[in-house]
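Residue strings, one per chain:
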Amino acid sequence: MKQILELRVNGDRHEVGVPTHFTLLETLRYVLGLTGSKQGCDKGDCGACTVIVDGEAVLSCIMPVQEAEGREVRTVEGIAGRRGAHPLQKAFDLTGAAQCGFCTPGILCSALALLEVNPQADRDEIARALSGNLCRCTGYTKIFEAVLLAGQAMSSGREPAEIIGEP
Amino acid sequence: MAKLTGRELYVDDLPSADHLWGATVRSPSPRGRITAVEFDPSIDWSEFVIVTADDIPGRNAVFLMEYDQPALADGYVRHVHEPVVLLAHPSRDIVRRAAALVTVRVELEAPVLDFCAVPEAGGIQHGTDNVLKHILIEKGDIEAALAAAPIVVEGEYFTGSQEHVYLETQGMRAHVDGDVLVIQGSMQCPYYVVKALVPLLDRDEAGIRVIQTATGGGFGGKEEYPSMIAAHAALLSLKSGRPVKLIYDRWEDLAVTTKRHPSRVRHRTGVDSDGRLLAQDIEIVLDGGAYVTLSPVVLSRAVIHAGGPYACDAVRIDGRAMLTNSAPFGAFRGFGAPQAFFGLERHMDVVAARLAMDPAAFRRVNLIRDGQQTGTSQTISDGADRLEVLDTALAACRWGTRREQIRRHNESHPLAKRGLGLAVFHHGAGFTGNGEVMLQSVVHVAATPRGGVEVRAASVEMGQGTTTIFTQLAAERLGLDPDTVEVAQPDTHRVPDSGPSVASRTAMVVGYLVEQACDDLRRRLGLTDAARGDAVAEAIRTWYAAPGQEELVGEATYLQPSHVEWDEETYRGDAYGAFAWAAYVAEVEVDLKTYSTRVTDFVAVQEIGRVLNQTLATGQIQGGVAQGIGWALLEDFSWRDGAMQNCQLTNYIIPTSDDLPPIRVEFLETPYSHGAQGAKGIGELPMDGPGPAIANAVAHALGVPAVAIPLTPERLMAEHDGLAAREAS
Ligand code: FES
Ligand code: FES
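Those protein sequence lines, which keep their order, are chains A and B. Quick note, the first sequence lines up with residues 1 to 167 if you use our numbering. Quick note, the second sequence lines up with residues 1 to 729 if you use our numbering.
No lab work stands behind these hints, which were simulated from the structure alone. C-beta atoms are modelled at their ideal positions from N, C-alpha and C, and glycine is treated no differently. Some hints could be false.
Claimed, not checked - Not everything, but these chain B residues come out facing chain A in the computed CB check (under 7 Å): (1) Lys3; (2) Leu4; (3) Gly6; (4) Val165; (5) Glu168; (6) Gly216; (7) Gly217; (8) Arg250; (9) Gly463; (10) Thr467; (11) Val611; (12) Thr615; (13) Gly619; (14) Gln622; (15) Ile663; (16) Glu666.
Unchecked claim - Calculated pairs, SDA-like style, for lysine to any residue (alpha carbon to alpha carbon, straight line, at most 25 Å): (17) A:Lys43 - B:Ile94; (18) B:Lys195 - B:Ala206; (19) A:Lys2 - B:Asp44; (20) A:Lys43 - B:Thr650; (21) A:Lys43 - B:Lys139; (22) A:Lys43 - B:Arg96; (23) A:Lys43 - B:Ala100; (24) B:Lys139 - B:Val152; (25) B:Lys593 - A:Ser131; (26) A:Lys2 - A:Arg13; (27) A:Lys43 - B:Arg398; (28) A:Lys43 - B:Asp658; (29) A:Lys43 - B:Arg92; (30) A:Lys43 - B:Gln645; (31) B:Lys139 - B:Arg572; (32) A:Lys43 - B:Thr5; (33) A:Lys2 - B:Asp93; (34) A:Lys43 - B:Ser16; (35) B:Lys593 - A:Asp124; (36) B:Lys593 - B:Ile406.
To be verified - In silico negatives: residues of chain A with every beta carbon more than 12 Å from chain B: (37) Arg13; (38) Pro119; (39) Glu159; (40) Glu162.
Work out the full structure, taking the sequences as your base and the hints as a guide.
Here you go:
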């Protein structure tokens with residue numbers, strides 16, 4: 001059974017035919033071809049599928065797609081602006097916070113949802129915001145560094161590279 | 001940046017129109033003869049592609065070291081979840097549901113589930129004793145040394161298994177392109193897949209092309225098991241003539257793929273009253289699971305590291321890997337060494353306590369000095385300052401002061417006990433003994449028409465930074481702008497066999513070959529070794545300016561450094577070309593209301609030859625320490641019939657950002673002459689230290705034995721209650 005839905009993803013409107021049992025993650029990946037959001041467990045346990053819906057980080061693998069209708073969905077593909085990478089992406093790049101990269105799309109979305117409301121979030125607030133996102137590669141230390149750096153950049157309007165004194 | 005924008009394509013991200021989805025039907029029983037395979041009649045099975053052992057064109061085995069593990073069980077199963085039937089269908093949901101409607105009936109035979117018990121006659125399934133591999137290392141007269149030693153301390157230590165939990169579950173895509181079977185997927189060792197498929201499919205290497213896709217973590221878990229999944233995807237694709245994707249969900253990945261070998265390690269240690277080691281008698285037993293797979297090599301690394309970075313004249317290390325009816329245990333970062341170090345380094349604290357010596361002081365007395373020999377009689381003379389490694393770690397955590405502060409804290413805090421624990425260890429980089437000679441790794445560096453180069457190696461990027469490191473090495477060797485250096489995607493029809501991406505060998509061994517291949521390219525361009533930068537770029541462009549000019553490729557093949565001599569028979573000699581040296585300190589706080597343990601500080605100091613890239617190296621260490629903390633405290637199993645039962649991330653717990661302290665990393669450098677730019681391998685090293693450092697810290701905090709990990713709240717409570725009971729009586 002399919003149903004026709006109208007979705008807004010990264011500013012684009014899509015009219016899509018989706019099997020009624022599909023989650024938002026399945027729709028993004030297998031209907032819209034937006035494979036940036038990852039599936040690490042499909043049970044709400046790992047955070048790899050995190051996207052931003054109306055400003056809030058949500059687990060797209062357990063959100064029925066109908067619930068996303070009429071709301072603003074943002075995925076990792078929509079984080080960069082027209083003028084290039086977002087400060088959060090630059091901060092991840094500079095600090096080496098993405099290793100295998102599989103957790104990264106979800107972590108970027110969780111972090112962005114936090115920083116857009118509270119760019120001055122401290123380590124504890126970041127830890128809380130990311131506590132649903134597993135990363136097996138980094139030990140999180142560099143992820144914290146990156147999010148702190150991005151927050152500084154977002155609140156000061158300076159480039160992450162400038163803040164840490166990289167050329 | 002592709003990883004930060006969602007553009008990186010992992011195997012499940014490859015376009016999926018026109019695909020079939022695969023699924024695997026597995027054994028419900030740990031051991032026995034298959035009496036029937038029943039297909040539920042409520043389903044129209046003609047819609048499905050169905051593959052059984054009968055469809056295998058060649059030899060039914062996933063070859064790695066031996067031909068003993070079938071790709072699909074043929075009449076007999078040796079562990080729960082052993083694959084029996086494969087299905088494929090256009091709908092992923094339907095194929096997964098259908099797999100549950102195929103029933104494999106097995107006439108159960110008594111399984112062997114305890115790797116420490118002597119198997120009963122009916123349980124023998126390998127040789128005469130179920131020993132998959134036995135290794136004995138002997139140095140000096142151990143019995144005489146033990147008899148003469150004024151103090152002998154015994155101990156017995158256990159480590160549990162561990163799941164890799166790479167965030168990307170395993171998966172493969174297979175399709176047929178003309179005469180060539182193409183395999184794409186998440187893997188560490190593209191050529192292992194080729195070597196497994198050649199006999200299984202009865203095809204030659206020209207007919208099998210294996211391409212690694214972006215890989216979401218490996219840690220050893222994508223060393224051997226991908227060959228199994230590739231075999232399955234290939235069989236389904238060959239039978240159907242359609243592309244097939246076989247992607248495991250998290251439950252299946254946790255349940256069926258390889259895991260770390262559980263271990264039991266026993267020590268009998270002779271010391272004198274000054275704390276000098278006089279005798280180390282060590283026994284290691286590993287649970288190998290149902291087939292040989294990599295257990296002999298895992299055991300090899302375990303026994304070689306078992307004596308630790310200490311000098312001792314009388315050493316006996318006896319190691320066995322045992323068959324049990326569990327899914328085979330396999331490669332996992334550290335590869336046997338973490339198990340050996342858990343036993344050794346926990347035991348070192350026990351011995352120090354018996355001597356009433358400070359644990360750091362006891363290790364200092366015995367730490368190997370240049371000119372002294374390891375347990376395999378390998379003379380260490382690398383110029384690295386191991387005492388400095390230890391002292392740097394002790395200084396970073398203010399060892400003496402901190403232990404005293406903790407003592408006072410614990411006196412006044414009945415329910416929150418702190419402890420500080422140390423582990424000192426080493427890790428050999430590259431394949432053991434003559435392994436690298438056997439591999440005969442090759443690397444190509446090809447000149448590209450715009451005046452740059454392309455590095456071609458089979459080493460994969462799985463998050464550890466291979467691409468960055470190879471780019472940096474080639475650019476610096478040739479003086480080229482890194483933007484003109486490319487690294488080829490590992491594709492067995494494009495890159496030579498530079499060996500597997502395992503054993504901390506990529507930067508040190510393969511990176512060194514990248515440098516040699518750069519030198520070879522420069523010679524082929526008619527340049528001297530001094531030529532760099534524009535001179536190289538210009539010569540390349542000139543080469544291609546000539547019409548019809550063929551591609552120019554520099555090549556390098558592995559040559560054993562002349563200082564390495566190894567005897568596989570007696571297990572004596574230079575086990576590794578180089579060792580990295582490390583001292584880790586963990587501080588913990590145990591909450592005696594919940595018995596949960598938090599690591600509150602972690603210091604990781606290591607000497608690794610040369611740091612090629614500070615950011616990547618630090619990230620490797622921090623990630624490995626995090627995995628080690630998980631292994632020590634959180635990652636517990638519930639087993640039934642040799643199969644993992646807690647196959648979800650809600651009941652198999654790995655560390656979250658809330659569970660970890662900032663991990664403080666320091667490097668010391670003494671360049672190694674046969675590593676790229678002087679580097680030694682580091683990928684596995686950080687897995688060795690956290691287990692014993694944390695157990696030592698917990699023992700320091702509570703006075704409990706802490707001889708088995710993971711130190712879960714249940715285990716800790718039992719140990720603590722036991723201690724209280726003993727004190728009361
Ligand atoms: S895939 Fe959604 S939480 Fe794991
Ligand atoms: S970078 Fe690999 S899981 Fe986070």
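What hint numbers does the structure not satisfy? Those not satisfied are hints 10, 11, 16, 21 and 27.
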